[in-house]
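Asks: All chains should be modelled from the sequences, with the hints used to inform the complete structure.
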Amino acid sequence: MKIGISFAVAVLAAAMMVENSAARGRRKDEQLIETTCTNTPDYELCIKVIREDPSCATAPLQDLALIVVAEIKRKTEEIIVGIEKLQKTGPEEMQPALTKCRSYYNAVMVGNIPVAEQTTWGNPKFAENAMADTKNEAVMCEKAFGKIPTPSPFTKENKYIADVAAVARGIIRNLL
Amino acid sequence: MYFNGIYHLFYQYNPKGAVWGNIVWAHSVSKDLINWHALEAAIFPSKPFDQFGCWSGSATILPGNKPIILYTGIVDANNTQVQNFAVPANLSDPFLRHWIKPNSNPLIVADDFVNKTSFRDPTTAWMAPDGHWRITIGGRRKRRGMSFLYRSRDFFRWTKAKHPLHSMAATGNWECPDFFPVSTDGVTGLDTSVIGPKVKHVFKVSLDLTRYEYYTIGTYDLESDRYVPDKDMIDGWNGLRFDYGNFYASKSFFDPSKNRRILWGWANESDSTDKDVEKGWAGIQLIPRTVVLDPTGKQLLQWPIEELESLRRENMEMSNLELKQGEKVEIEQITAAQADVEVTFTFASLDKAEPFDEKWDRYDAEKICREKKSTVGGGLGPFGLATLASKKLEEFTPVFFRIFKDKDKHLVLMCSDASMSSIEEDKTKMVDGKDAYRPSFGGFVNVDLKDMKISLRSLIDNSVVESFAAGGKTVITSRVYPVMALYGDAHLYAFNNGTETIQIESFNAWNMDTPEHMNHELKD
Numbered sequence: 001m002k003i004g005i006s007f008a009v010a011v012l013a014a015a016m017m018v019e020n021s022a023a024r025g026r027r028k029d030e031q032l033i034e035t036t037c038t039n040t041p042d043y044e045l046c047i048k049v050i051r052e053d054p055s056c057a058t059a060p061l062q063d064l065a066l067i068v069v070a071e072i073k074r075k076t077e078e079i080i081v082g083i084e085k086l087q088k089t090g091p092e093e094m095q096p097a098l099t100k101c102r103s104y105y106n107a108v109m110v111g112n113i114p115v116a117e118q119t120t121w122g123n124p125k126f127a128e129n130a131m132a133d134t135k136n137e138a139v140m141c142e143k144a145f146g147k148i149p150t151p152s153p154f155t156k157e158n159k160y161i162a163d164v165a166a167v168a169r170g171i172i173r174n175l176l
Numbered sequence: 001m002y003f004n005g006i007y008h009l010f011y012q013y014n015p016k017g018a019v020w021g022n023i024v025w026a027h028s029v030s031k032d033l034i035n036w037h038a039l040e041a042a043i044f045p046s047k048p049f050d051q052f053g054c055w056s057g058s059a060t061i062l063p064g065n066k067p068i069i070l071y072t073g074i075v076d077a078n079n080t081q082v083q084n085f086a087v088p089a090n091l092s093d094p095f096l097r098h099w100i101k102p103n104s105n106p107l108i109v110a111d112d113f114v115n116k117t118s119f120r121d122p123t124t125a126w127m128a129p130d131g132h133w134r135i136t137i138g139g140r141r142k143r144r145g146m147s148f149l150y151r152s153r154d155f156f157r158w159t160k161a162k163h164p165l166h167s168m169a170a171t172g173n174w175e176c177p178d179f180f181p182v183s184t185d186g187v188t189g190l191d192t193s194v195i196g197p198k199v200k201h202v203f204k205v206s207l208d209l210t211r212y213e214y215y216t217i218g219t220y221d222l223e224s225d226r227y228v229p230d231k232d233m234i235d236g237w238n239g240l241r242f243d244y245g246n247f248y249a250s251k252s253f254f255d256p257s258k259n260r261r262i263l264w265g266w267a268n269e270s271d272s273t274d275k276d277v278e279k280g281w282a283g284i285q286l287i288p289r290t291v292v293l294d295p296t297g298k299q300l301l302q303w304p305i306e307e308l309e310s311l312r313r314e315n316m317e318m319s320n321l322e323l324k325q326g327e328k329v330e331i332e333q334i335t336a337a338q339a340d341v342e343v344t345f346t347f348a349s350l351d352k353a354e355p356f357d358e359k360w361d362r363y364d365a366e367k368i369c370r371e372k373k374s375t376v377g378g379g380l381g382p383f384g385l386a387t388l389a390s391k392k393l394e395e396f397t398p399v400f401f402r403i404f405k406d407k408d409k410h411l412v413l414m415c416s417d418a419s420m421s422s423i424e425e426d427k428t429k430m431v432d433g434k435d436a437y438r439p440s441f442g443g444f445v446n447v448d449l450k451d452m453k454i455s456l457r458s459l460i461d462n463s464v465v466e467s468f469a470a471g472g473k474t475v476i477t478s479r480v481y482p483v484m485a486l487y488g489d490a491h492l493y494a495f496n497n498g499t500e501t502i503q504i505e506s507f508n509a510w511n512m513d514t515p516e517h518m519n520h521e522l523k524d
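Protein chains in written order, with full-length UniProt numbering: chain A, 1 to 176; chain B, 1 to 524.
The hints are simulated quantities; they were obtained by calculation from the structure and are not laboratory data. Each statement offered as a hint is correct.
Using 30 Å as the maximum straight-line C-alpha spacing, the simulated DSSO-like pairs for lysine-lysine come out as follows:
#, chain 1, residue 1, chain 2, residue 2
1, A, K75, B, K279
2, A, K85, B, K16
3, B, K450, B, K200
4, B, K275, A, K85
5, B, K142, B, K116
6, A, K88, B, K279
7, A, K100, B, K275
8, B, K16, A, K75
Quantities reported herein were computed from a predicted structural model and do not represent experimental measurements.
Replies: Here it is in structure tokens:
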């Protein structure tokens, strides 16, 4: 009976130790994500975007940045689809703004995103510039609608991309 | 590099787009540094040791007049960096079109003490008196900028020295190191291997973190095999720069045909990516400059190569023109969008120089230029040129001086301000409040004002303004994109917004022609 209780205690103690060290490991990865996001303009957004990718748990800083870049890529693809749709079916007075936005987001897709994907590891200053410019392209798209009578149909999307690009830039700055 | 009567320029180039990517060593040749012909790429990914990229490096001319290139190859998707060599396939081809990369590559890989994604840009090699070659490679250890030193007897087996050639704490990653001798005679250029009593050395790095470069002047200590900056040199972010504007990844080379050292610099675009994609190109090499030691020994002097003058055409001269406070004069009869302008400003007294605010950071000239723009009045200055200006100055890029009184001496601030360069509304603020697309570049000019004059030369070329103060003591390059001040609608003014009257002692401007050959492909 004594042995049985000791054994149970030992097993319990062992189980607790294992759980603690796993928790400590988790805490270290969380710390990286938390510290990284503190150095960006939008902590909450940063955490949200990163945590959506399960690989974030063990990702080094460069890959955390790439998680955010991937989100920007997805949203850029979506907004381009939206722009093209409106170019076909939207009102005449919206066309000049749509043409501009198409050009801005095309630059993000063919220019900025590939640069960020290729240079975050090993030459991050180019990735930083690419993310800074991505924010500007999104802001310029929204401004393009400011010049025409109809309101912007992409205010939420433009702001989201601009904000996430600023977050990506903040993360990448830590790599320099 | 110079080889058998022909200048070769190799540059990082993306054949597939107007952004960074797919980087190869593009190759252009020239007989006069002005007219260029493009050849096929000299080095491009083709082997395991450069499959993922062919990044920067340098050429060395070995004894027997044999060029060899050392360059950084990328070996995986994480941009791990190694150093490779390439040699001409055919030395009797005057254009050295083809280069081979033997399978003995890579020559140098990062050891455990080197961050293998911050390990690049091998320099031109120099041979020390002990008969061994040396090169230095840029990198970092945590936040310490490093210039690793490697030695070799035969140029193929390299050993890393225990200590770097030079390093500096808290400067971040060092790219594109450049290490070269300058003659104390202030005139002659020197081959990279020259050492001697009448020689000082220059060490320059490009800073990844800030996107600008800085240099120091010092001694190459043969015993310790280290570079030692002179005592009063500022070794760090606040140090001297080749150029206080848009100028990066620079590299110098020795031109034996004219015994001069020539400096190449890269200026990227300051507009948004969509503009670059639209126009289909991005990035320029600035006009090559000769580099010599200033008579004071405390800085370098740069000046556009003399061959540039072959593009000068119609000339417009004037002298003894007075500019009172608030006055400006238009320089007519000049193609203001494409001109070479030399002007000397004089003044009767330094008394009206405004005081230098003690609270200002002496090493942040850009901030002072941002706060005290050309439209803000002053005492002795602001005066200078308004380049790429629209008729009513809706757009202009001023290059100007403002002189301050600072205790018992005077400080001369030079600014090249892009903040009013374009009325186009893609101007947006960066997070830190600065408009990175339209910066107000600035640098101090360390010049003696006892002659009560200061000179300025500006090379104006549509979307770039390269300005040289006081014979090349301080240089600032700006990229600007006016939408009104284009071609025939661009104007040039001289102005003065200070209370002290300024005299234009001499003014010389030339229309600049375009070169006959502008880097089109060479047809056999």
